[in-house]
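Asker: Protein chains in written order, with my numbering: chain A, 12 to 401; chain B, 15 to 448.
Some hints here could point you the wrong way.
Unchecked claim - Sample of chain A residues with no beta-carbon within 12 Å of chain B, all distances over it, derived:
no., residue
1, 119
2, 242
3, 243
4, 324
5, 358
Unchecked claim - For lysine-lysine, the following DSSO-like pairs were computed, each having C-alpha atoms within a straight-line distance of at most 27 Å:
no., chain 1, residue 1, chain 2, residue 2
6, A, 110, A, 83
7, A, 21, A, 361
8, B, 133, B, 122
9, A, 21, A, 209
10, A, 361, B, 158
11, A, 323, B, 203
12, A, 209, A, 245
13, B, 207, A, 361
14, A, 378, A, 347
15, A, 323, B, 158
16, A, 361, B, 122
17, A, 378, A, 83
18, A, 323, B, 133
19, A, 361, A, 251
20, B, 208, B, 133
21, B, 122, B, 41
22, B, 203, B, 213
23, B, 158, B, 203
Treat the hints as calculated values from the structure; they're not laboratory data.
Since the structure is predicted, the reported quantities are computational estimates derived from the model, not experimental observations.
The beta-carbon is built from N, C-alpha and C at its ideal position, and this holds for glycine as well.
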Amino acid sequence: MPEAVYDSQKELELVLERCNEAVREPGIPPGLPEGFSGTLGHFPVYFPEEIAHAAGLLPMALLGGGNRMEMKHADARMGSFVCSICRSTTEMGLNGSLKDLSGFVTHPICDAAKHLAGIWARNLPDQVSQILYLPQNVNTPGAVRYIAAEYQRLRGVLEAKTGRKVSDEALRASLRTYNRNRALLREVYALRRDAPWKLSCTESYLLTRARSRMPCEEHNALLERALAALAHRKAPAQDKPRVVFVGGFCEQPPLEMLEAIDESCYVVDDDLLIGMRWLTADVPEGGDPVWALAESYVERSAASPVQHDARKSKEGYLMEMLRGANADAAILTAAKFCEPGLDDQLAWSKHFDEVGVPYLVLEFEEKMTSFEQMAMQVETFAESLLFALA
Amino acid sequence: MTTATASRPETEKSAFDPRVEGQRLIKEWYAELEQANELGQPVANVFVMGNAVEILRAFDFKLVFPEINSLQTGVRKSSEEYIRLSEDYGMSPDVCSYVKADVGLILKENRHPVGRIPKASLAIASNMCSTFIKWAEIWERWLKTPTFVLDLPGQRAAGWQVRPGDAQHSADSRWVEAQFAELIARCEKITGKKLDLDKLAEIEDRVNRMVGHWNNVMMLNRRTPAPYNAMLDGLTYIGIMNVHRGTQEGVDFMRRLEQHLEAKVARGEGRVKDERFRLLFSGTPCYVSMRRLVELFENWGGVFAYSDYLTFAAGGMDAAELRYDTSRPLESLAEVTAIAAQRGLSNQFFAHERLAQQIRDYGTDGVVFHGIKSCRFVSSGMADTREFISRLDVPTLYIESDLIDPRYWADAQIKNRVDAFFEALGQRGSRRAS
Ligand code: SF4
Ligand code: SF4
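With the rest of the complex left out, here is chain B (with noise of 0.2 Å):
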């Protein structure tokens, strides 16, 4: 089942510019959702936590991120409008801004800064942050998007060691299973097509080989110094593994990007110009103010050599090197979703323990987290998540504002607490040097 990848002229490698060629998948793939409603394809919403993107590929679905739609409004600057529509409507102002977000594009009528987002035929929300199923209630009332709700079990306390193949997961991967087989109905339903398990396993192949590149991506990182900013660069990562899982554009962006920091690696080159301190980035970014949060950090020779984003908000599979057993695509498919949802998504909520392996392996300086008012997922544990790396004799820095709402954004406020920190950082020394 593997394909093997033709290996690329020297000069193209180099050409290769991540940040572009990932903005031109971007672009394609929201050009492509135009025309999908006209061209009487399926289209399915999903999230970028538990989302079944395999068994929909199969199906020829295409795929919807709303969650990316969001961050897209802030990152075009936009969003404001969006989320005001959305106030005025009658939503509160303590709610997940990606939602509302989203309401304002519902009141506009789908029409988005990047185009026309098309209408879904389906929805599948996974439990993994609880406001995926809100959000898809709002759909199911306004838009009558026939909802799935993907119910994975999550790690369930502290220390939580599950294995492959032990009791808790088999019976875990039961549960997931039993689902898929009521989503294959349901797809098949809508599209009038049965699931094919070859073209199935063709797609697992491909995400085998793009999550394989992925975690050969994150291992660069531990490299001093760093070659790319685990929270500037990496948000176009996650972008392809998400938008392009199981895609060979997918296999190919993440192939030439492994190539590409491979080569940035030997050369000695860091992502900034004099690194001094390696940092781990906890939370998700400020997209409306993206380019003055790394700025704010990268001025002092600070690089986020990680952020826990690339590994929730791209599907969880680096946290245990998962792999697609493609002789038994659906079984493999339950299995590794299900160990996937407790090491990579749901570890969320025990941040801790994670976060003291990864200061280890990055061999971080300390810890940057960053409070969004509005994702919960991310931040309700955060502030004592904070408190217990601290007793780890750990320098930890927390700053708050929100995802794309540019309200939150407090300029002075967050300089100051940067530049504090670093100012202690210096005193302390970057451990690297000690």
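The following block holds chain A by itself, in its conformation from the complex (with noise of 0.2 Å):
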């Protein structure tokens, strides 16, 4: 049999269906991957998937319940204030697709996420469900030592789910794994940055959102093909506007939402799924994990509107990333209800009317299903960028 030729579109078209399969449904994949004892659900933002990973739970993102989620239960149990993300994820709970999570971990982000901890207390007793109580306040000293300690208590409460100790090696190990991810993703977002005709957003989303529903072993090998592949993609660059997306860091926006943008734009850098790589650097691999995990999240995480550093102005992080990523323009968005995201897309617009940066806003729900008028909006925007840039 002759040897199969290396076909680098067929090879990123396998691997991306792969990733499209793992995120296509938004509960729990079926059968645990080899070396897993259970899965551990993880709202967002800024979740130490180490932990999980090193007592053998799977770290599951859980992102919400996308666009095609019939809302059977949630509506009669949340307020209609609340923004989608925390509703799909009730609904999940309550419609029995996470019955088999070990347990939900929750964060100090807002409010409506703080109240799914007692949400799923209440009505899936049998699981794990917790607040991890990151601060809020990063800038006083003794944070570090703080944060390892609610660190510590997570790697307890899982071990006593578990029955299993966590050894600081399994840490070191884990840490590696989620090191080599960290190193691939930052790959991805150069790509997209130096060539991003190369690579869209909404392919690039795919590619890191895989990892909420695969062990980081797997997705290692998944961003390494990827990128192999695409390192031989041929594409003719276009002319679009380069432009930074944000407002995507908690609940995600569909993917024909995304698909729309790169239509008209490139996007050069955003903050989607920023729960999946808000380690911006490698967390040190030597001297106590714990440790080392807790003084990253103080030292070397991305910035966000549920984050407050007296270090990071969300103006200020804002940008940063224009500059980092050369981009022209901003894309503003907000999830609906989300109050976070609200008050920061006006700031920065605020900001971008005084220093005379070109953006244009929008609102966002997860369970959008129409999206021809936004399009037309983005295409418009594209346009008088590119006049204005010419």
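Fit chain to chain and form the complex, with the hints in mind.
Answerer: Now the structure itself:
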């Protein structure tokens, strides 16, 4: 039999198909991968997956129910003014699609997110249901010690659940696996910045999101294959403006929305799925692994509207994003009913008015199904940018 | 450190009207604020949940409570004007209306219906309600107000058992103490004064006495008939608990309030003439339709014996009957703050546990949940909590409006629901009658 010829386009399709398959259903994928005794669901944004991974629990980023989920229970359990990701996560808790989780962890990113822990405790009492209290003050000395204690507490909770000790060695091994993942994701984003015609925002999104439903090891292998294939990809550069997309730090916009943006713009950086890549550099692999993770939260975590850090103003980090990606403009989005997102969207737009950066304001919901109007808005925006830049 | 309280003549005791006295104290407080900038006094913006008022008072900061400013625009029926101003500026209709009223206030250059609100030299925002932080970021951005985020470790899970002095509490207290140390350094810089520990201890002693009376005030409403309406009268009480926390006026008010209510109980006098149903109110009130809301219930002989608002909006210290150890003022402040945050503030995220207990403590016939459109802190888990409480075979009612945005008060709809609730309660009979 002749040896199969390496076809980079085909390889990329295969990888993207695997990613698509992994994220198609918002619930738990069937069958546990080898080496894991259960799954741990975590709500955005800042969850240290390494701890669950080392405990033998497959970390599953819960990223909402998408726009095909039927709401049967959650509407009666949540006020009409709560964001869609909280509603659909509740729906999945109540409709049985997350019933086999070993546990659920949320964070003090906003009050709606904190309430999910109570909802879980009341309705899925057999699961671990926790708020991991990450601090909103990382500037006071002692923050690392406090986070480390909180991480140790989580480690203890997971040990009690699985009946298995989590050794420092296992934690270090997880750090290494995730450091590799971080490096690969940085490469993906560097490609978007340097040659956005080679990789669309939607594709990069799928590549990233796949980790929410597979072990990090498998994801690393997929990313390696994708990057190798992308190196061969031949795609001509088009006349599109370079933009950054913000507002996707928690609730996720529908894929169709990203596709609509890709049509007219090169999205050269974004905060989509920031919770899956929030550590912006490697976690030190020597020393105490929990301390290293805690210190990384303080020293190398991505900014977002739901993290307060005196060193990172919201306007400052967005301007930094624009500069770093050499972008011409920004698409400022917010999920409907997302208070932190809506507050910062306004702050950003006012700042851009002052400094003269063009921007487009969009509001989205994960459950949106109609995109024509939005696509037109983006197209008009892109055209006006090209005109202005010409 | 305890100061003896002078006993007052009986006539004065009986002349005490908590509402009138409360209003007087609030008015005086606002009047003082008006002059703070001119007199060069340090001013701090603080929230009702997690605020280190004791430290600020020790530095003689004048305290601005932006939440009270916002609710006062509601009480004075001018909230809509402030909210609309902020929406015209670009704020989303879907965010906390307190924040919007405050942005309206900034746009009106601090002109408030009660007077002029001074510019703050410091803002303390705790993480107990996440909106506090977003709110403080607005001041940072617009007014360049230096902000200190006080991060308080909250209740991590249902059934969370944290006890004073256990390992978890010690670790949490250490973190709070580290932040207080930094806050004190900031206050010293702003005021040019050193922290006076004796003064801090005196303030704490006064808070201890206020909280002691406050606990008794709550206990008195476990009696039938309930001497006050926890939602309506309770608001004046909370106002004083916040604005006068740690002052002699605050201690006097609470002491006299307790005496006043004790006398009422002794006379067998209830808030409503013919108390038929004892209710628990969960959530925050609607300030623009306050009287109407109360009337809808009291017309049926329903009295709110307790409201969880009384706990979380008054600092949460009653939840664990906490007291400062004034011989170790700083350490104790951190310890009490840490535990109050878990038992009295962030336990809102596991509200079913507290409510289930209070239904028993206050012998209530039902629970009324008031979902507030703009307040995810109280409301996001409310409908689900209601479902849980209903499973305990306790009648419940869920209504929805807003804190101060009159556009969300649907009178006919709310009245229908309230009436239907009482009809069902009537068929079932009061717990006391059965
Ligand atoms: S989308 Fe916004 S409001 Fe909803 S959970 Fe996330 S941060 Fe909170
Ligand atoms: S969200 Fe609720 S608790 Fe928070 S500031 Fe607004 S009204 Fe207050």
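Asker: Next step is simple, just say for each hint if it's right about the structure.
Answerer: Hint check:
1. With a least CB separation of 6 Å from chain B, residue 119 of chain A falls inside the 12 Å interface cut-off, contrary to its annotation.
2. For residue 242 of chain A, the condition that its CB be more than 12 Å from all CB atoms of chain B holds, with the nearest at approximately 42 Å.
3. Distance check on residue 243 of chain A: its Cβ is at least 45 Å (rounded) from any Cβ of chain B, clearing the 12 Å threshold; non-interface status holds.
4. Not every CB of chain B lies more than 12 Å from the CB of residue 324 of chain A, the least distance being 8 Å, so the non-interface label is violated.
5. A beta-carbon of chain B comes within 12 Å of the beta-carbon of residue 358 of chain A; the shortest separation is about 6 Å.
6. Between residue 110 of chain A and residue 83 of chain A the CA atoms are separated by roughly 16 Å; this keeps the pair inside 27 Å, and the hint holds.
7. With a C-alpha separation of about 45 Å, the suggested pair residue 21 of chain A and residue 361 of chain A falls outside the 27 Å cut-off, and the hint is violated.
8. Proposed proximity of residue 133 of chain B and residue 122 of chain B is supported: the alpha carbons are some 13 Å apart, at most 27 Å.
9. Restraint check: the Cα-Cα separation between residue 21 of chain A and residue 209 of chain A comes to about 15 Å, which is no more than 27 Å; the hinted pair holds.
10. For the suggested pair residue 361 of chain A and residue 158 of chain B, the alpha carbons sit about 16 Å apart, so the restraint of at most 27 Å is met.
11. Distance hint between residue 323 of chain A and residue 203 of chain B is fulfilled; the C-alpha atoms sit about 23 Å from each other, no more than 27 Å.
12. Between residue 209 of chain A and residue 245 of chain A the alpha-carbon distance is near 7 Å, which keeps this suggested pair within the 27 Å criterion.
13. A hinted pair counts as satisfied when its Cα atoms are at most 27 Å apart, and residue 207 of chain B with residue 361 of chain A does not qualify at roughly 38 Å.
14. For the suggested pair residue 378 of chain A and residue 347 of chain A, the alpha carbons sit about 10 Å apart, so the restraint of at most 27 Å is met.
15. This hinted pair checks out: residue 323 of chain A and residue 158 of chain B have alpha carbons roughly 15 Å apart, not beyond 27 Å.
16. Taken as a hint, the residue 361 of chain A and residue 122 of chain B pair is honoured in the structure, with Cα atoms around 18 Å apart against an allowance of 27 Å.
17. Our distance criterion of 27 Å between C-alpha atoms is met by residue 378 of chain A and residue 83 of chain A, whose separation comes to about 14 Å.
18. Distance hint between residue 323 of chain A and residue 133 of chain B is fulfilled; the C-alpha atoms sit about 24 Å from each other, no more than 27 Å.
19. Simply put, residue 361 of chain A and residue 251 of chain A have alpha-carbon atoms about 25 Å apart, close enough for the 27 Å limit, and the pair holds.
20. The straight-line distance between the Cα atoms of residue 208 of chain B and residue 133 of chain B is roughly 23 Å, inside the 27 Å bound, and the hint therefore holds.
21. Of the pairs offered as hints, the one joining residue 122 of chain B and residue 41 of chain B holds, with about 21 Å between alpha carbons and a cut-off of 27 Å not exceeded.
22. Proximity of residue 203 of chain B to residue 213 of chain B is assessed by CA-CA distance (about 18 Å); at most 27 Å being required, the pair is judged to hold.
23. Between residue 158 of chain B and residue 203 of chain B, the direct Cα distance comes to roughly 17 Å. Compliance with the 27 Å bound is thereby established for this hinted pair.
In terms of the numbered hints stated before, the structure departs from hints 1, 4, 5, 7 and 13, listed from lowest to highest.
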